[in-house]
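J.: Residue numbers (the working numbering), protein chains in the order written: chain A, 1 to 199; chain B, 1001 to 1199.
Derived from the structure by calculation, the hints contain no laboratory data.
Watch out, some of these pointers could steer you wrong.
Unchecked claim - With a cut-off of at most 30 angstroms between alpha-carbon atoms, the simulated DSSO-like pairs for lysine-lysine come out as follows:
id, chain 1, residue 1, chain 2, residue 2
1, B, Lys1016, B, Lys1006
2, B, Lys1006, A, Lys127
3, B, Lys1024, B, Lys1006
4, A, Lys16, A, Lys6
5, A, Lys16, B, Lys1016
6, A, Lys16, B, Lys1006
7, B, Lys1016, A, Lys6
8, B, Lys1127, A, Lys6
9, A, Lys24, B, Lys1024
10, A, Lys24, A, Lys6
11, B, Lys1016, A, Lys24
12, A, Lys16, B, Lys1024
To be verified - If you want the footprint, here are the derived chain A segments under chain B, 3+ residues with CB under 8 angstroms:
id, stretch
13, 10-20
14, 27-33
15, 41-48
16, 59-73
17, 78-91
Note that this is a predicted model, so its numbers are computed, not measured.
Every residue, glycine too, gets a C-beta built ideally from N, C-alpha and C.
Number of protein chains: 2
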Amino acid sequence: MIEDTKALEDLKRALKRLPGVGAKSAQRMAFHLLGRDRDAARNIAHALLHAVERIGHCQRCNNFSETETCAICRSARRDTGLLCVVESPADLVSLEQSGAFSGTYFVLMGRLSPLDGIGPDELGLPKLEALLDGGTVREVILATNATVEGEATAHYIGELARRRNLLATRIACGVPIGGELEYIDRGTLARAFSGRREA
Amino acid sequence: MIEDTKALEDLKRALKRLPGVGAKSAQRMAFHLLGRDRDAARNIAHALLHAVERIGHCQRCNNFSETETCAICRSARRDTGLLCVVESPADLVSLEQSGAFSGTYFVLMGRLSPLDGIGPDELGLPKLEALLDGGTVREVILATNATVEGEATAHYIGELARRRNLLATRIACGVPIGGELEYIDRGTLARAFSGRREA
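Same shape as in the complex, but just chain A:
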């Protein structure tokens, strides 16, 4: 392709490193920014550099934080006896938005995945164990994804909790609110049945 813009090619290649962005989207983004919104290009660049420099991990819960301990872990209104274990910061955001939980979190930043070489140490589980040994946690709520790897991770961490005589609970699996049985997959229906409760 004849193009006189190494900087443009470099930009397209860089934008392709964003998740979910292929060659066509990267080109569209590059042309949009260069042609119509150079201010946004500068804004994004500075926000990226600033974020990479400033954002680390909370020393207690492992979530992204600009401070040593994040706002949730520091808050006096959160019940530190309840520890909700999630796979990712995005899961934490979703749970916070649901408003269903007022305890604290531990963010795994992944899940156990032996095939990918991610074992307990790679996942930072020693840090979680130290937190469980700390004496404040009463209940560990396992809120990893309802996937094979998420279930295995929940099972493993549940064992860690029970070994310390802590209550380990798993979030419920079943029919989503508003879901019509006709369109729900078999695995979910089976779980909804086995997990039925007195009405």
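We have chain A already, so just place chain B on it with the hints.
T.: Just chain B, lined up with the frame of chain A:
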């Protein structure tokens, strides 16, 4: 939402300025970059700043270029007698990839759109007129989009060419290659009929 990361919020807000990126995608991008690929974040930032600084417009064809005149306009192998007018740099890339054209281009960076306040001057048509007056162009190929605004733009530029006794042609509209008539919209079919040629 309790979050202790102004830098993170700023990053999400900045990423939302990318075309086609909403709140959910912006968050996914931010978490991905911070959690798994900080090198990509720095790479994207530097590529953006570099591109914004380096990339201007070719003085002849108006396409993005790092040099005063772009590689296509400088090339001795391109026929400067043929001038293909396109709306955007992306259109130029598509035409180049088709390999169908060996002339030169003029990139409008938009289309006539009176309702949005984009008239001939806003579109840089005086620059195009100067090029047409230059004496090298024999034929103006109107390759604006087959939309209402693209057609209006083609019509207007066609007039500019004819007024200078230059040949003005419009790319063909019709059934796409591989298209099945059953699934082609009525407007396209009507154009395919009215534009029929001897077989």
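J.: None of the hints should be skipped; say for each whether it holds.
T.: Cross-check of the supplied hints:
1. B:Lys1016 to B:Lys1006: holds, 15 angstroms
2. B:Lys1006 to A:Lys127: holds, 26 angstroms
3. B:Lys1024 to B:Lys1006: Measuring from Cα to Cα gives roughly 17 angstroms; hence the hint holds.
4. A:Lys16 to A:Lys6: Holds, at about 15 angstroms.
5. A:Lys16 to B:Lys1016: holds, 16 angstroms
6. A:Lys16 to B:Lys1006: With a Cα-Cα distance of about 26 angstroms, the restraint between Lys16 (chain A) and Lys1006 (chain B) holds, given a limit of 30 angstroms.
7. B:Lys1016 to A:Lys6: holds, 26 angstroms
8. B:Lys1127 to A:Lys6: holds, 26 angstroms
9. A:Lys24 to B:Lys1024: holds, 20 angstroms
10. A:Lys24 to A:Lys6: Answer holds: Lys24 (chain A) to Lys6 (chain A) is near 17 angstroms, not above 30 angstroms.
11. B:Lys1016 to A:Lys24: holds, 18 angstroms
12. A:Lys16 to B:Lys1024: It holds: about 18 angstroms lies between the C-alpha atoms, which stays within 30 angstroms.
13. 10-20: Answer holds; 9 residues pass the 8 angstroms Cβ test.
14. 27-33: holds (count 7)
15. 41-48: With 8 residues in contact (Cβ-Cβ under 8 angstroms with chain B), the coverage given for the stretch 41-48 of chain A holds.
16. 59-73: holds (count 7)
17. 78-91: holds (count 3)
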